[in-house]
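Protein chains: 2
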Amino acid sequence: MLELKFDPRKGIFAKEIETVEKLARDFFGDRKKNEISLLPEEAMYLMLFRNAVVLDRKGKEIDFNSLAKNFVGEEPRLFIRYNAYRDWRDRGLVTRRFNENVQGKHSKKTYKKYPSQKLRPERLRAKAYWYPDSLFSVLDKESVGKELFEKYWIGQYGVYKQERGKQSKLDFFETIFLAKHFGIEIVNNETGERMKPEEILKEVVKKREYAKQLYDIYEDWRMKAYVVKTGFKFGSHFRIYFPGASPVKEDKWIHSKHVLHVFPKEQKLLISEWSRAVRVAHGVKKTFILGIPELKKKDYIDCQADFMTYRRKKGKGVWVRETPKDKPRYMLVSVSEDEHIGGVELASMLKKAKDTGLNLLLSITDRETSITYYELKKIILPKSKYEYYEIEWFKP
Amino acid sequence: MLELKFDPRKGIFAKEIETVEKLARDFFGDRKKNEISLLPEEAMYLMLFRNAVVLDRKGKEIDFNSLAKNFVGEEPRLFIRYNAYRDWRDRGLVTRRFNENVQGKHSKKTYKKYPSQKLRPERLRAKAYWYPDSLFSVLDKESVGKELFEKYWIGQYGVYKQERGKQSKLDFFETIFLAKHFGIEIVNNETGERMKPEEILKEVVKKREYAKQLYDIYEDWRMKAYVVKTGFKFGSHFRIYFPGASPVKEDKWIHSKHVLHVFPKEQKLLISEWSRAVRVAHGVKKTFILGIPELKKKDYIDCQADFMTYRRKKGKGVWVRETPKDKPRYMLVSVSEDEHIGGVELASMLKKAKDTGLNLLLSITDRETSITYYELKKIILPKSKYEYYEIEWFKP
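Chains as they are written, first to last, in the working numbering: chain A, 4 to 399; chain B, 4 to 399.
Don't take every hint at face value.
Straight-line distance between alpha carbons at most 27 angstroms, and here's what the computed DSS-like set of lysine-lysine pairs gives [claimed, not checked]: (1) B/Lys398 <-> A/Lys271; (2) A/Lys72 <-> A/Lys18; (3) A/Lys164 <-> A/Lys288; (4) A/Lys215 <-> B/Lys271; (5) A/Lys288 <-> B/Lys398; (6) B/Lys115 <-> B/Lys319; (7) B/Lys299 <-> B/Lys236; (8) A/Lys144 <-> B/Lys199; (9) B/Lys236 <-> A/Lys268; (10) B/Lys121 <-> B/Lys317; (11) A/Lys144 <-> B/Lys61; (12) B/Lys154 <-> B/Lys209; (13) B/Lys183 <-> A/Lys72; (14) B/Lys72 <-> A/Lys169; (15) B/Lys25 <-> A/Lys169; (16) B/Lys154 <-> A/Lys271; (17) B/Lys61 <-> A/Lys288; (18) A/Lys154 <-> A/Lys144; (19) B/Lys199 <-> A/Lys268.
Quick caveat, the hints were computed from the structure, so don't treat them as lab data.
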């Protein structure tokens, strides 16, 4: 039996020699000579899963809730953090409280670099008639519509996935983009007035929240010769195709492999909603890319970081767990499905992870205390000024 | 060639006898003797897919955008509506503008009735220690936790899906529900104070939007002996099991077949976000149930209804399309992925559909003008005062 002690001035610790040895061997707590001090989540875990008892100064046993009571004021999210700790430990792996000064395993890691070309827009003479409340425009020239569709996959020429119809419909991103870069004229089909691309955007912003941020991301990828189409069927803002993709070149329809979702820096999202978008992409086997536009250096905040965690390595032909003698791999942030997350927070977490050479893991506790992990990896879109990350479901 | 005419005072019509006959045979427009008057979406469709020409009073041909210009002021969402019309017609099916006075095919339909039992809560003596920022509580008595889990599937006893651990964790719905109906005492583990269930709810509402509405729905199903657990893994608020389900009775883990999502009446959601939740459920082969709490008679509004549509029937051994000589089947509401929908609007649509004996179809135009259909069917949860609907992906 493990014997722990709790003293309100000193915290939780172990002195009993057998306990100290056992805890040290399993990388619990911080050892100083013959004493080990423990974090609340460590003690809570030891009580529930390693048969530990915690005694107060008078030698009386303290239960889980009574022990937690001493810490919950200072650590309001104690239970969520504890639950993340529990899950990682339950998998036979080691985890420690996060430490700013750590040098993680991935400090020299180069990020995945996406291909990039320079789009060379041409000047085209055509008019796009704008339907203000429908947020669509219709091109007046079939030939231009056909060219834009076949060469750039801009607009929808004819019926989706059918070789039928000759009308070219442009969504609001395409309408603005073509006006800005291809010289297409826009005419408001309600009033007959000419409109500038920025006027269209201003109109759309009134109806569709975050339209500006979405457009910025759209333009960023388009200018690097990516094809960017709606991701509606995959639960995301966009789906993308790498430079060179065309709706007509191949015998059969080519499938996108990536969806692109925009997380405006000022938006706060419920974790459950945020995760839902990743989940749909995962379900249809697409890589989920998150883009955070408009981030400036001053936006970054000092954000939450709960744990640094170790995983497994190959040792003498078998997989063994890594320990604090190895470099940690992940910065783990523990949240619950009913909390919120913001674009700035997420970007700041990623920066903190990067600065310490760790990969970022988000552990989400659902209402049943079951945990889902997502790994976030920064990617490089050459010459982009925005931040992009691949998010993947992760199994420790 | 079909010859249509446009007169600003009169609208769009056809007089040329061959055209009139052809259109009448295919159920376009309204015939009065030897003339047929057409709706803008009908004329637009005929121009693009049936080679129709539209002539102005001087006999000059009018193009798509010029014709639309005359209608877009009065029908701001003209293009979205047209696109829904196009898609239905493209499938070889008939659709007409919605008419309030129609008697649809489903007027005598009885709704799907869900089973219902009366939950008989017992009085239990135990304390739940509440962790305010984690939104969880931990029971003090293992025996009570075990009973609640095994008999009612309330709380998470031990580790999720493992027979390990004896602690019982309660999410905030369960904490409130147990305090209200089972006499469980709640103690704030930060302050040591006793809390009433309504105090907990008040606290949660500050952190988690719509917690009250979610709790109401939770309680509604629980009181009818359903098991209601988090739907996090399926992208919804809850998953449910029919009365009698237990986490321990069977040899293997039983799977839920329904997810339950709450749409508060005052919430406005982007269609794309709304659809994302349905999409995840569909992807994991669960029935998606939408609940709208707190609706009162006075909440219903006069909502949008675009079309009444016909489908197919068996005629002499083959499937033939239905026509206006049959009763229409669906009330079709056309929206785009970038529009918003509210709980009240949706409920009002469902009521309008019900009043006219039609089933409700939502057609969503994405930015590529491709259409996704969802069918909404009212279900009956006996003795509930809330509205519930099954939502299913639909192929015309």
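Here is what the structure says about each hint:
1. Taken as a hint, the lysine 398 of chain B and lysine 271 of chain A pair is broken in the structure, with Cα atoms around 35 angstroms apart against an allowance of 27 angstroms.
2. For the hint linking lysine 72 of chain A to lysine 18 of chain A, the alpha-carbon distance of about 23 angstroms falls within 27 angstroms, and the restraint holds.
3. Distance restraint check for lysine 164 of chain A and lysine 288 of chain A: the Cα-Cα separation of roughly 21 angstroms lies within the 27 angstroms cut-off, and the hinted pair is therefore satisfied.
4. At roughly 20 angstroms between alpha-carbon atoms, lysine 215 of chain A and lysine 271 of chain B fall within 27 angstroms of each other, so this suggested pair holds.
5. In summary, the hint linking lysine 288 of chain A to lysine 398 of chain B is supported, as the alpha carbons are separated by about 23 angstroms, within the 27 angstroms threshold.
6. At roughly 30 angstroms between alpha-carbon atoms, lysine 115 of chain B and lysine 319 of chain B are farther apart than 27 angstroms, so this suggested pair is violated.
7. Distance hint between lysine 299 of chain B and lysine 236 of chain B is unfulfilled; the C-alpha atoms sit about 32 angstroms from each other, more than 27 angstroms.
8. Restraint check for lysine 144 of chain A and lysine 199 of chain B: not satisfied, since their Cα atoms lie roughly 68 angstroms apart, outside the 27 angstroms limit.
9. Taken as a hint, the lysine 236 of chain B and lysine 268 of chain A pair is honoured in the structure, with Cα atoms around 26 angstroms apart against an allowance of 27 angstroms.
10. Between lysine 121 of chain B and lysine 317 of chain B the CA atoms are separated by roughly 43 angstroms; this puts the pair beyond 27 angstroms, and the hint is violated.
11. For the proposed pair lysine 144 of chain A and lysine 61 of chain B, the alpha carbon gap of about 24 angstroms is at most 27 angstroms, so the pair holds.
12. At most 27 angstroms may separate the alpha-carbon atoms for a hinted pair to count; lysine 154 of chain B and lysine 209 of chain B exceed this at roughly 32 angstroms.
13. As the CA atoms of lysine 183 of chain B and lysine 72 of chain A are separated by approximately 24 angstroms, the hinted pair is consistent with the 27 angstroms bound.
14. With a C-alpha separation of about 20 angstroms, the suggested pairing of lysine 72 of chain B with lysine 169 of chain A holds against the 27 angstroms cut-off.
15. With a C-alpha separation of about 23 angstroms, the suggested pair lysine 25 of chain B and lysine 169 of chain A falls inside the 27 angstroms cut-off, and the hint holds.
16. At most 27 angstroms may separate the alpha-carbon atoms for a hinted pair to count; lysine 154 of chain B and lysine 271 of chain A exceed this at roughly 38 angstroms.
17. The straight-line distance between the Cα atoms of lysine 61 of chain B and lysine 288 of chain A is roughly 57 angstroms, outside the 27 angstroms bound, and the hint therefore fails.
18. Simply put, lysine 154 of chain A and lysine 144 of chain A have alpha-carbon atoms about 16 angstroms apart, close enough for the 27 angstroms limit, and the pair holds.
19. About 38 angstroms separates the Cα atoms of lysine 199 of chain B and lysine 268 of chain A, which puts this hinted pair outside 27 angstroms; it is violated.
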